[in-house]
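Chains as they are written, first to last, in this note's numbering: chain A, 1 to 290; chain B, 1 to 290.
The hints are simulated quantities; they were obtained by calculation from the structure and are not laboratory data.
You may find that some hints are simply not true.
Selected chain A positions facing chain B (in silico; Cβ < 10 Å) [said to hold, decoys possible]:
{"no.": "1", "residue": "His155"}
{"no.": "2", "residue": "Val239"}
{"no.": "3", "residue": "Arg242"}
Computed footprint of chain B on chain A; a stretch qualifies when at least three of its residues, placed anywhere within it, have a C-beta under 8 Å from a C-beta of chain B [to be verified]:
{"no.": "4", "stretch": "114-126"}
{"no.": "5", "stretch": "213-225"}
{"no.": "6", "stretch": "261-269"}
For each label pair, taking beta carbons as the anchor points, the in silico distance ranges come out as [to be verified]:
{"no.": "7", "chain 1": "B", "residue 1": "Arg82", "chain 2": "A", "residue 2": "Glu200", "range": "52 to 62 Å"}
{"no.": "8", "chain 1": "B", "residue 1": "Arg199", "chain 2": "A", "residue 2": "Ala268", "range": "39 to 49 Å"}
{"no.": "9", "chain 1": "B", "residue 1": "Ala72", "chain 2": "A", "residue 2": "Glu18", "range": "46 to 56 Å"}
{"no.": "10", "chain 1": "B", "residue 1": "Pro179", "chain 2": "A", "residue 2": "Arg276", "range": "50 to 60 Å"}
{"no.": "11", "chain 1": "A", "residue 1": "Gly209", "chain 2": "B", "residue 2": "Asp70", "range": "39 to 49 Å"}
Note that the structure is predicted; figures quoted are calculated from it, not measured.
Yeah, the Cβ is synthetic: ideal placement off N, Cα and C, and Gly gets one too.
Number of protein chains: 2
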Amino acid sequence: MSRCSLNSATVKHASLTELVEVAAGAGMGAVGLWRHQVQEGGAEAAARIVSGAGLRVSSLCRGGFLTAADEAGIATALEDNRRAIVEAATVGTRELVFVVGGLPATSAPGQGPRPDAGDGDRDLAATRARVADRVADLVPFAAEHDVRIVLEALHPMFAADRAVISTLGQALDLAAPFPAETVGVVVDTYHVWWDPALRESIARAGREGRIAGYQVCDWILPLAEEPLNSRGHVGDGYVDFRTISRWVAEAGYDGDVETEIFNEEIWAADPAQTARTVAERYARYVEPHL
Amino acid sequence: MSRCSLNSATVKHASLTELVEVAAGAGMGAVGLWRHQVQEGGAEAAARIVSGAGLRVSSLCRGGFLTAADEAGIATALEDNRRAIVEAATVGTRELVFVVGGLPATSAPGQGPRPDAGDGDRDLAATRARVADRVADLVPFAAEHDVRIVLEALHPMFAADRAVISTLGQALDLAAPFPAETVGVVVDTYHVWWDPALRESIARAGREGRIAGYQVCDWILPLAEEPLNSRGHVGDGYVDFRTISRWVAEAGYDGDVETEIFNEEIWAADPAQTARTVAERYARYVEPHL
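Based on the provided sequences and hints, a complete structural model is requested.
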């Protein structure tokens, strides 16, 4: 159970203190944190709360939103991501997960295009090239702080408004020019389970030493009204955890396995019960195949 | 405008007679049909209605649902697809679009897994292999009737419950063992616009002579409550029609361009107005780049 990690987004309404309590109570070895939580009391205090409970920080979410095309937008993104890098180092994790952002045409996540969005604002190739440029900008700073930029492929259903990285293979292509200890990838079952190239991409990620995290949750149907919050407990949906976990293990990954679920019903549940369910599902569906 | 085709699903509540009237009235050269519509009055009558209006049938939707693992399910699927092949030939099109079906764990499209779904029912690789086997079973019959099995990649958001083919590249891999005149692919912007490998896959489809159709509609947000019906008129969303249409043209495709939109609001509109909007959007966003 020591590799099992509870991402704080799964128990969204718990404080950091409650989070580490319920994670430790369920026998887990780590927690995954989000920046807003770390920022509340400061990264040093957060580090003490986690280590005080005998836990590790498996990752910090999230850097990213790198797709701006204008100078002011680029400067703001770089500044914010440098802060995120410092926070990751301070809170005690090397792994800073990046959600890279959507098309510049986006009016807001989940909403339609800006009324004045031009053709160029729908240019995926150019948007993806800007992500590559911003990662290059941030690599020296990340290396200096011994933090890894962890590129997350999001499900293609979020390509317009949240992340123009849609497959693990594409994340690896973006990471390729940089050292593996500074730019990695995360395998999140929710986002990549459908990918016909998944086996090869996980194996490649392992060969290249870039697997920075393994996140698990299930694809359930029907989709929630807000599709972002459509995730289910491991075992409740369609994901083949036996196969994907085996591929991740065969690729040599021996780090933490975070459960990260966005789901209104699970958020309304008792955090201690949620942590127990997460631990139980991990033990049943994931751990035997690692 | 002669390459512009109105798929009957876009004006779901119109009869076949109304469909050809509004398509011809908007200056289009073709219509795309669905089987239930063709079956109502019979395929021969449908062929007369379409040709009587001076139009072609650009494609018939849909064959497929090939993922059953049990003998009875396999026999039923083969029988139904043989009927679909005969209907396509009779109604006057070579292009029979296949939606190949989801995981056997599916309780119903859009719904969660069957309560008794076992591990094997979530096995994507095995499910995809069964699709390949069923296509192989059907190829001789399709060739005999001079009909092409057109594999459609559906957006990965439908991988669990509707189609385990999720990318154009994967559709091409499945088609590869068979002659290009008997197994092809369709490029549907809604399903593939996000794919980082799209340019290469379209070029490959062209080189291999397998582009059997180009379907257009837009990715709009927020998603509808039933995500299947989330499509928008060309130009209303995030798809870069300029770029994708140019790739399709560069790949040598010179066939019909079908607009196929599933959308409750558009279904409630006057079919003649919808046909005019489709024609206008085609002329503005697609045709100049073909």
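Do the hints match the structure? See the list:
For His155 (chain A), the interface hint holds, since its Cβ comes within 10 Å of a Cβ in chain B; the closest pair sits about 6 Å apart. At about 7 Å, the closest approach between the beta carbon of Val239 (chain A) and any beta carbon in chain B falls short of 10 Å, and the interface hint on this residue holds. Among the interface hints, the one on Arg242 (chain A) holds; its C-beta lies about 6 Å from the nearest C-beta in chain B, closer than the 10 Å criterion. Residues of the stretch 114-126 of chain A lying with their CB closer than 8 Å to a CB of chain B number 5, which satisfies the three-residue condition for coverage.
Requiring three or more residues with a Cβ within less than 8 Å of a Cβ of chain B, the coverage given for the stretch 213-225 of chain A holds, as 6 such residues are present. Coverage of the stretch 261-269 of chain A by chain B is violated in this model, with 0 residues showing a Cβ closer than 8 Å to a Cβ of that chain against a need of three. Range check, Arg82 (chain B) to Glu200 (chain A): Cβ separation about 35 Å, and the 52 to 62 Å hint is violated. In this structure, Arg199 (chain B) and Ala268 (chain A) meet the distance hint of 39 to 49 Å, their C-beta atoms being roughly 44 Å apart.
The hint said 46 to 56 Å for the Cβ distance between Ala72 (chain B) and Glu18 (chain A), and at roughly 52 Å that hint holds. Remark: the range hint 50 to 60 Å for Pro179 (chain B) to Arg276 (chain A) is upheld by a beta-carbon distance near 56 Å. Between Gly209 (chain A) and Asp70 (chain B) the beta carbon distance is about 44 Å. The supplied range of 39 to 49 Å therefore holds.
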